[in-house]
Amino acid sequence: MLARTLPRFGSRRSLHIFERNFMVYRSQWLMLVSGFFEPLFYLLSIGIGLNHLVGNLHFDGRVVSYATFVAPGMLATSAMNGAVIDSIFNTFFRLKISHAYDAVLSTPLDVIDVALGEVWWALARATAYAASFIVCMVALGDSGSVWVVLCWPAAILTSLTFSCVGLAACTYIRSWQDFDLVALAQLPLFLFSATFFPISLYPAWLGAIVSFSPLYQSAALLRGVALGQFEWIMIMRVAYLLALALVALALATRRFRRILVP
Amino acid sequence: MSSTLDVPLGWARWRRSWWYHATYYAQTWRGSVASTVLFPIFYLASLGVGVGHLVSAHTGLVQGQTYLHFIAPSLLATTTMQLGEGESLWPVLAAVKWIRSYHAAAATPLEPEDILTGKLAWVVTRAFATGIVYTIVIGSFGALQSWWALTLPFLGALITLAFSAPLVAFAARSQSDGPFTAIYRFAFVPMFLFSATFYPVSAYPGYLRPFVQFVPLYHGVALARAAAFGEGSWGAVTLHLLFLVAMAVAGIAWGRRTMRHRLVD
Amino acid sequence: MIGPILEARELVKRFGELEAVKGVSFTIERGESFGFLGPNGAGKTSTMRMISAVSRPSSGSLTILGLDPSTHGPEIRGRIGVVPQEDTLELELSVRQNLEMFGRYFDLPHAILRERASELLEFAQLSERANDKVDDLSGGMKRRLTIARALINRPELLILDEPTTGLDPQARHLLWERLYRLKREGVTQIITTHYMDEAEQLCDRLVVMDHGSIVAEGPPRELIARHSTREVVELRFGTDSHEELHDRLAPFAQRIEVLPDRILLYVDEGDDTLREIHEVGIVPMSALVRRSSLEDVFLRLTGRTLVD
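Residue numbers (my numbering), protein chains in the order written: chain A, 1 to 262; chain B, 263 to 527; chain C, 528 to 835.
Check the hints yourself; a few may be wrong.
Stated by the list, open to error - Ranges between beta-carbon positions, derived for each pair:
hint	chain 1	residue 1	chain 2	residue 2	range
1	B	Ala284	C	Arg818	53 to 61 Å
2	A	Phe22	C	Ala657	16 to 24 Å
3	B	Ala449	C	Arg541	47 to 55 Å
What the hints assert, rightly or not - Taking lysine-lysine pairs in the DSS-like style, the calculated list, with each CA pair at most 25 Å apart, reads:
hint	chain 1	residue 1	chain 2	residue 2
4	B	Lys359	A	Lys96
5	C	Lys660	B	Lys359
6	C	Lys660	A	Lys96
Keep in mind the hints are simulated off the structure, nothing from the lab. No residue lacks a Cβ here, since even glycine has one placed at the ideal position from N, Cα and C.
Put together the whole structure using the sequences plus the hints.
In structure tokens, the structure reads:
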């Protein structure tokens, strides 16, 4: 399945799905623009309040302000949330409610083109959002080093992973009520992936469990990059996120085929 | 028809609308019950215990409370606000535009006002139940220090109503859900973050503090804290209460007009 | 191209335990209008999805435009047009955007699409609504737009699944007229329907499907001649004692069908038969003499009525 999915990653046909989404969302530009503000509000809120309450942290042998510590975690979370909204919520609507894909499949486009097109779209949005987030980080003084620019590709990788996972998860959703379950998975990831405090605060066994969280891997990667602390383990983190993305994409394509072309 | 039936009909009518919403919810309660119980536990464990650990190391107590206790009551306020928001925008637009279930209801003896009352009564019912769960969770984290805490479920219901009523009114006159996302991102996310929810008002620069008074959720957070800790002056509490009641009353009055306009006129 | 435009041999479609299509064979020639007639659940839509190169047959062989859909799916779909049962239009986009966006899926350049969209808007009588949101169109307009959309790639073969279900009579006739026009232009059409008048109007040749199998095949008039009499007398009595009436009426007809609300007598000269039964003192509440239709063929072949 992977072998059949991968060569199409750049296929022109999958780009037409991207084109379609662009056309549909053009009329909803306010929604797209408003997405830029949400992370800004979070950063501001933390910068104003929690930063003073928590003060500086000793993290990996360096002293950093709390806002600097949290910002990369927020970037990872925002990448996850954006990907989940795009690939679970919106794709579910098109897959099972509006049946927009049914019409698409009567054209030369294939199921794989549809799945990849959605990933392309999610990535394009993520690229723009991540860039604006990083600009905000720098503007608010929450960037740990000039290496913060490398957070950009790392955030895009995070979006890729969660888009693929979301796309696969989306095919298991039966009705709107199941979105409660999505939230039930998303919130603990957000709260416990060492986004708000260092993983060293956990007892060792709990820390080991947390390290399986893709959001933790992403947050740790982004934090390391932002602070300019490069370690070998970051290659492992990238590999973990990439592997998860590919497995999820293969699963998503298989599930899409089963739903759309029974 | 005998006239004896006419007297209680007002109550009987909106009760049917309440029952409709309750029955609808009964099909779908499982996921939301799990989240009602688990969400506060997750939040308090992560922010209260985790971040609280960092705060106590640096700042110590926040307004005489540990950080965990300090944020616990505001969680009830933010959650009941979000409940009022989530139940009011998309579901109401669906009922007046996409599924048109309110149009179906308006074709029965129910008046538009009855549908509105039933809807709001149902949302308040849910808020009250959520308030009880949250009060228990907050209590089990040791954050309740006064008998006034028993009023927390009622305060939760009031907060929900204060947000739900104007939002239902707005949704009932909307043609599309386009503005909803903007309302969510530009009103509710900032309110969630900037209502002295996660840190005291004193953290804001002096010139910003008076403006916090105009943020509706701030009053809910202040009330919840006052009830949980048994603190705060009568004057301040009355002011907070009046603010929320005024929102609810104005929202209901507006909703009665938009609902009638949408369903009957 | 030489040979038929579509050829199916022993097509089977299974969904788990359920066998929706049980080995159907048919051949469709270029330029022909070919119909699938049958009630809901007869396997028509499953067949449609296979012959539009979307879903794969569980077994059997299928050749579309001389190509094998399991290996040449995108190529085949690029040369056919499909009008699905549900409209599946993009509600957020305008009428014109719907056409142009759909054309992009066929890799057609923007300049050509603008031109074709204008032509098709004219064809579907939607030019005035070009910039309106699809959400605001009436049911008939949406259906015409869906058909126009299926024509954006100038298909050699047009597949229409229940094209007029849910439309009012006026909208139906307008659609039929548009489909005639396409036929004159040489577009091969495959139409499913459960309306016998539609099948008689539109199809040169058709198959009758029931329970996933083909039960008859031929041109409409020939099917009627083969499976029914020239005329039908419909009698209503306003009573439930149809059993007793059946025995009394049977001698007057070549075949008799007792339905819940009426009795059908299959005869060659309806007026004569009506006079004869009056003479023996059988007086129905109402009586109607009409020509045999595909409905009667279907009743004969399956023992059931098409609609309801």
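Unsatisfied constraints (hint numbers, rising)
As far as the earlier hints go, not one is violated by this structure.
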